[in-house]
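J.: Residues per chain are reported as follows:
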Amino acid sequence: MRHAQRYILGGIAIAASIVVFLVPFAFIILTAVKDRRQAATRSFDWPTSWHFWDNLVEVLRTQDYMLVTAFINSIILTVVSVTLLVVFGAMVGFVLQRRPSRWTPIVNFLVLAGLIIPPAVVPTIWVLQSVGMFKTMHGMILIEVAYGLSFTILLFRAFVATIPRELDEAAIIDGAGPLRLFFQVVLPLLKPVVVTVIVVQSVAIFNDFTNPLYYLPGKQNVTVQLTLFNFQGQFNTSLHLLFMNILLITIPPLIVYLFFNRQIVAGMTAGAVKG
Amino acid sequence: MAVAVAEGSVPIANPRRKSRTAGLYPSWFYLPAAIIFAVLFMLPTFASLFFSLTRWTLQKADFIGLENFAQFFREPFLFQGLVNTLIYGVVTSGLKVVLGMLLALLLTSDIFGRGYLRAVVFFPVLVSTVGVGITFTAMMHPTQGLINETLASIGIKGPGWLTDPRFALYSVALVDVWKGVGLATVIYIAGIVSIPLEYYEAAKIDGATPWQRFWTVTLPLVHPATATVIILSFIGGLRSFDMIWAMTKGGPGFTSDVIASVIYKQYQAGFYGLSTAGNVVLFIMVALIIVPLSMLLNRQETDR
Chain A
71 MRHAQRYILG
81 GIAIAASIVV
91 FLVPFAFIIL
101 TAVKDRRQAA
111 TRSFDWPTSW
121 HFWDNLVEVL
131 RTQDYMLVTA
141 FINSIILTVV
151 SVTLLVVFGA
161 MVGFVLQRRP
171 SRWTPIVNFL
181 VLAGLIIPPA
191 VVPTIWVLQS
201 VGMFKTMHGM
211 ILIEVAYGLS
221 FTILLFRAFV
231 ATIPRELDEA
241 AIIDGAGPLR
251 LFFQVVLPLL
261 KPVVVTVIVV
271 QSVAIFNDFT
281 NPLYYLPGKQ
291 NVTVQLTLFN
301 FQGQFNTSLH
311 LLFMNILLIT
321 IPPLIVYLFF
331 NRQIVAGMTA
341 GAVKG
Chain B
879 MAVAVAEGSV
889 PIANPRRKSR
899 TAGLYPSWFY
909 LPAAIIFAVL
919 FMLPTFASLF
929 FSLTRWTLQK
939 ADFIGLENFA
949 QFFREPFLFQ
959 GLVNTLIYGV
969 VTSGLKVVLG
979 MLLALLLTSD
989 IFGRGYLRAV
999 VFFPVLVSTV
1009 GVGITFTAMM
1019 HPTQGLINET
1029 LASIGIKGPG
1039 WLTDPRFALY
1049 SVALVDVWKG
1059 VGLATVIYIA
1069 GIVSIPLEYY
1079 EAAKIDGATP
1089 WQRFWTVTLP
1099 LVHPATATVI
1109 ILSFIGGLRS
1119 FDMIWAMTKG
1129 GPGFTSDVIA
1139 SVIYKQYQAG
1149 FYGLSTAGNV
1159 VLFIMVALII
1169 VPLSMLLNRQ
1179 ETDR
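Chains as they are written, first to last, in the numbering used here: chain A, 71 to 345; chain B, 879 to 1182.
Since the hints were made in silico from the structure, they are not lab data.
Among the clues, some could well be false.
[Unchecked claim] Ranges between beta-carbon positions, derived for each pair:
#1 A:P262 - B:S905: 23 to 29 Å
#2 B:A948 - A:P262: 51 to 57 Å
#3 B:V1071 - A:Y77: 50 to 56 Å
#4 A:A86 - B:F941: 33 to 39 Å
#5 B:E1079 - A:F329: 56 to 62 Å
#6 B:T1028 - A:I325: 58 to 64 Å
#7 A:K289 - B:P1088: 44 to 50 Å
#8 B:R933 - A:F329: 38 to 44 Å
#9 B:A1030 - A:N331: 36 to 42 Å
Just so you know, these numbers come straight off a predicted model, no measurement behind them.
Even for Gly, the Cβ is constructed at its ideal location relative to N, Cα and C.
Between the sequences and the hints, there should be enough to build the whole structure, so can you do that?
T.: Right, here's the structure in full:
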């Protein structure tokens, strides 16, 4: 590409990206720091007065610190679900790749089914109720694990294939059992894909709105995405608080993105380019 | 792999016999994942096939045959959801394929500010869908919204993006594309950079124009990425709920309802059988579209 063309095209693209992609984020930040009246006009202008701290405190204090509870709940949900996903998903991916058997086609089919089939909502509630886990964090965690397993297994299976089998045999000759082989030899070698799974699934579960809406109703159990939903009804005129809330729950994914940009892209493009 | 099959099949056929390697990869490693998946995903899926044929209160299920499904095709407000789901899936995945490809071509070229552009296009993928929905709802406000105010300043009277029944569904679909196009773009970027440069050089020597190089080299060789983008965004589009719920709640009226929002509304109203029938309809719709589509896309791949 010629030199001038490179800069002209880049300049146009950057200008377009500012209008299309940065203005909405600027709108969130600006609205979040305005006072109630100015925010209510939905205008895209500079705040006449800055209320970052006031709005922050007010959002946090609303409904007995509901947002704080929500953050704690979302963090518990995300951390526990992702931990279980990594361990259980890696175990399946490992055996699935290492020991093809008559079960392999069935497992592969179920993995694909898990990716494609939309979960049946009310029957799931019915199952959760009958085991006493409806409206509980335990139930919600297991739901996120069930829905996230397929993608996790696909990633692990592909990565296990790159680890030489000779290592397994060496470990066995040294007297390791299957548990030691898996947790002390194989799992550490899976570290790159473990990081990918952690990052991609954390963002997905932290941002999950639909599943907590169905399976985890109730004020004590609220998760961050549902606080938006609650604010939306309650603060029809308090756009400044609503947008402060949006701003706050956007920060964790932003931090993750800044640190793990490469792993996220790797995970999300996995399987897109074969051979 | 052939060796692996032989090793693996021995202990299956004869579980008692000691095998040096079978013990390494015990079947019970499947167990924790299998139990969770079976109880919380497969069991509800199978149960939905039965409960969709009933009038259901969670305590009691009265068998009513195909009445729930008949209702889906009889009631206009339910049938509209079916049609809208299809429109939404086609519009979002179509735009993601085209825009994702164009952006990826731009962002793999030697353009100024490439790193910044890649980052900014991808970031919305990671942001809360509901947050994006609320933000755009404010910006699409018919009189006060940023979009219509900007249009008004250059003398165009913008439509009621979310309040006009003709536009609501498409407006939501556009925001969905805004949020999701970054994923399509990174998939396409991964596909484009994996194409060996020799092909482009050979085409250049043969006198191919940039346009011809795109049609004869890039487009065919980026096919796996295209297949992934189409399948992923189609599945996502057909199942989409949170964006629509955050922006219009299916309104105005039921003009932007999709099956997923109908399922939620019927669940809230206590019509559990009808809601479950909606799930089954969605399942059938996804299967009827995705399975032939992925077979078609994969066949083209092996033909080459």
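J.: If a hint holds in the structure, say so; if it does not, say that too.
T.: For each hint, the structure was consulted:
The hint said 23 to 29 Å for the Cβ distance between P262 of chain A and S905 of chain B, and at roughly 27 Å that hint holds. For A948 of chain B and P262 of chain A, the Cβ-Cβ distance of about 52 Å falls inside the hinted range of 51 to 57 Å, so the restraint holds. A hinted range of 50 to 56 Å is violated for the C-beta pair V1071 of chain B and Y77 of chain A, which are about 22 Å apart. In this structure the supplied range 33 to 39 Å is violated for A86 of chain A paired with F941 of chain B, their Cβ-Cβ distance being about 58 Å.
For E1079 of chain B and F329 of chain A, the Cβ-Cβ distance of about 38 Å falls outside the hinted range of 56 to 62 Å, so the restraint is violated. For the pair T1028 of chain B and I325 of chain A, the beta carbons lie near 32 Å from each other, so the given range of 58 to 64 Å is not met. Roughly 59 Å separates the CB atoms of K289 of chain A and P1088 of chain B, a value that falls outside the hinted 44 to 50 Å. Evaluation of the 38 to 44 Å hint for R933 of chain B and F329 of chain A yields a failure: the beta carbon distance comes to about 52 Å.
At roughly 38 Å, the beta-carbon separation of A1030 of chain B and N331 of chain A lies within the given 36 to 42 Å, and the hint holds.
Against the hints set out earlier in the document, violations occur for numbers 3, 4, 5, 6, 7, 8.
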